[in-house]
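Peer 1: For the record, the sequence lines run as chains A and B. Residue 630 in the working numbering sits at position 111 of the first sequence, with consecutive numbering throughout. Residue 239 in the working numbering sits at position 234 of the second sequence, with consecutive numbering throughout.
Check each hint, because a few of them may be wrong.
Claimed, not checked - Quick list of simulated restraints, FRET-style, between CB atoms:
id, chain 1, residue 1, chain 2, residue 2, range
1, A, G617, B, S22, 54 to 64 Å
2, A, I587, B, Q123, 36 to 46 Å
3, B, G176, A, V625, 38 to 48 Å
4, B, L66, A, I703, 20 to 30 Å
As the list claims (entries may be wrong) - Not the full set, but computed from the structure, chain B residues with beta-carbon under 10 Å of chain A:
id, residue
5, V109
6, G119
7, I138
8, S139
9, F140
As the list claims (entries may be wrong) - Far from chain A, by Cβ distances over 12 Å, these chain B residues were calculated:
id, residue
10, S19
11, W100
12, V113
13, L208
14, I293
15, K328
What the hints contain is simulated information worked out from the structure, not anything from laboratory work. Note that beta-carbon positions come from the ideal geometry of N, C-alpha and C, so glycine has one too.
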Amino acid sequence: MGKMQLITKGFVKENPTFSLLLGMCPTLATTTSAINGLSMGLATLFVLVLSNMAISATAPYIPDKVRIPAYIVIIAAFVTILQLVMQAFTPDIYQTLGLFIPLIVVNCIVLGRAEAFANKNGVVDSACDGLGIGIGFTFALTLLGIVREMLGSGSAFGFKFISGDGILVFVLAPGAFLALAYLIVIFRKLTAAKGE
Amino acid sequence: MNKLLVSPSPHIHSKTSTRSLMLDVVIALLPSVIVSILFYGWSAVTILASSVIFCVLLEYLITRYLLRRPNTIGDWSAVVTGIILALNLPSTAPWWVAMIGAVVAIGVAKMTFGGLGQNVFNPAITGRVFLLISFPAIMTTWGGAKGFIGGVDAVSGATPLGIVKEGLAQGMTLDQIFDLNNFSYAQMLFVNIGGSAGEISALAVIAGFIYLLARKVIRPYITLSVLLTVAVFSGIFWLIDPSQYTDPLFNLLTGGVLLGSVFMATDYVTSPMSDKGGIIFGIGIGLITMLIRYFGSYPEGMSFAILIMNSTVPLINKFCKQKKFGRA
Chain A
520 MGKMQLITKG FVKENPTFSL LLGMCPTLAT TTSAINGLSM GLATLFVLVL
570 SNMAISATAP YIPDKVRIPA YIVIIAAFVT ILQLVMQAFT PDIYQTLGLF
620 IPLIVVNCIV LGRAEAFANK NGVVDSACDG LGIGIGFTFA LTLLGIVREM
670 LGSGSAFGFK FISGDGILVF VLAPGAFLAL AYLIVIFRKL TAAKGE
Chain B
6 MNKLLVSPSP HIHSKTSTRS LMLDVVIALL PSVIVSILFY GWSAVTILAS
56 SVIFCVLLEY LITRYLLRRP NTIGDWSAVV TGIILALNLP STAPWWVAMI
106 GAVVAIGVAK MTFGGLGQNV FNPAITGRVF LLISFPAIMT TWGGAKGFIG
156 GVDAVSGATP LGIVKEGLAQ GMTLDQIFDL NNFSYAQMLF VNIGGSAGEI
206 SALAVIAGFI YLLARKVIRP YITLSVLLTV AVFSGIFWLI DPSQYTDPLF
256 NLLTGGVLLG SVFMATDYVT SPMSDKGGII FGIGIGLITM LIRYFGSYPE
306 GMSFAILIMN STVPLINKFC KQKKFGRA
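Could you build all of it, start to finish, from the sequences and the hints given here?
Peer 2: Here's what the structure looks like:
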């Protein structure tokens with residue numbers, strides 16, 4: 520597989536949200552608006568690329584029996600870096616996302632890529648894989664955030680285009696499930712049409 | 006032509022069809038519809054018409070263009086959903102609220118699951134709950150009844166359940182609340198209480214219930230077990246502390262208990278198949294309704310209760326299988 524293919528496969532074929540249905544907790548909880556979805560996606564992307572690289576570099580030296588705890592420690596280190604950086608430079612977004620930033624440690628996409636890809640492949644390939652999956656995740660979260668924000672509060676990226684409230688349920692948890700379900704239906708329909 | 010016609014059994018057909026059953030339900034709903042139109046006038050007509058038209062139109066469009074199947078509007082189930090949805094809305098709601106309700110009821114709750122017979126949740130109730138959560142302001146502003154509070158025509162006010170909930174939260178006792186608002190049971194039985202179009206007259210709903218029973222469209226077990234559970238549960242709490250908990254009759258006559266237990270809990274598709282299962286289902290609905298009314302943050306819990314119990318129907322069906330014919 521070429522480097523480019525590694526990056527693009529995360530977008531459609533192995534899209535973590537629409538195809539693999541991984542990382543549902545941050546997907547449903549943080550996509551109340553487009554900005555929130557985008558920043559959560561980018562935060563995960565950052566951790567994903569760096570942890571993939573670190574794990575693929577250290578994998579030969581980690582005993583097989585303790586690999587999962589070792590991966591968690593590596594991922595937690597990058598999440599801590601991310602957390603401190605966000606706290607310092609984007610305090611608003613840090614406040615809004617709250618608990619979901621530290622929870623990236625146990626995000627199953629990150630651990631899943633470490634286990635399924637990074638520990639068997641080289642550093643550059645792993646970085647590309649992390650980048651591809653991360654972009655796919657960011658794309659999905661932003662799209663879900665846009666849909667929910669448009670329907671729920673009548674705005675996109677914070678710009679109001681109708682006065683008053685939207686359909687409130689889309690900002691709440693049930694709306695997250697509904698919007699995600701219909702996005703998956705549309706996504707599957709489109710990819711099936713392309714024969715993928 | 007050969008006069009001897011050979012065909013496999015069954016040879017005797019019942020005339021009952023989905024269409025005839027649904028028509029019976031429409032007839033049973035007529036008293037409530039008439040009362041709500043008489044009582045709320047043109048606004049009720051608008052809501053009823055828009056809800057029914059959008060439900061039928063959507064079902065036609067979805068079957069025709071999305072699913073590309075033979076269309077199913079001829080079975081009248083979309084009409085029933087439309088009427089029940091409209092009876093669940095306040096008459097002051099604008100037409101586009103009924104439209105969104107129809108999209109959720111028909112599009113999300115019914116056709117996404119594969120149409121009539123495959124839906125897990127009652128479409129009309131799903132539509133109503135969606136609207137209740139989405140537009141809390143519109144969904145809880147009621148066109149009040151004539152002379153309901155203060156003797157003015159068509160005042161907007163809360164439902165009796167809402168008034169009671171608010172009064173209790175302010176530390177009033179029930180006697181004070183009842184005196185203050187001139188509640189009487191005769192009012193609740195006939196027409197004079199504020200609420201959704203279908204909630205205002207208990208008598209009209211009971212008339213529909215009797216018609217459905219007489220035509221053998223529904224069996225009484227679900228409805229009666231809901232009503233009995235509500236009565237027993239509220240009776241126990243009322244006997245413990247009559248100043249904090251409303252009495253059984255009040256709980257039966259107000260809100261959506263009657264409408265829900267007669268027309269929505271008994272929906273063939275989303276209720277258990279056996280009578281025993283129906284009784285369990287009814288008890289569950291009654292219990293959840295009363296728990297929400299007494300201890301929840303919403304004044305009324307009927308629609309939530311029906312939705313929650315809808316989701317348990319496959320489980321109930323599994324444990325209450327009817328004996329197979331011809332086996333011990």
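Peer 1: Now, for every hint given, state plainly whether the structure supports it.
Peer 2: Evaluation of the provided hints:
no.	hint	result
1	G617/A / S22/B: 54 to 64 Å	56 Å, holds
2	I587/A / Q123/B: 36 to 46 Å	42 Å, holds
3	G176/B / V625/A: 38 to 48 Å	46 Å, holds
4	L66/B / I703/A: 20 to 30 Å	22 Å, holds
5	V109	9 Å, holds
6	G119	13 Å, violated
7	I138	5 Å, holds
8	S139	4 Å, holds
9	F140	7 Å, holds
10	S19	38 Å, holds
11	W100	16 Å, holds
12	V113	7 Å, violated
13	L208	34 Å, holds
14	I293	17 Å, holds
15	K328	38 Å, holds
Taken one by one, the earlier hints fail for this structure at numbers 6 and 12, listed in ascending order.
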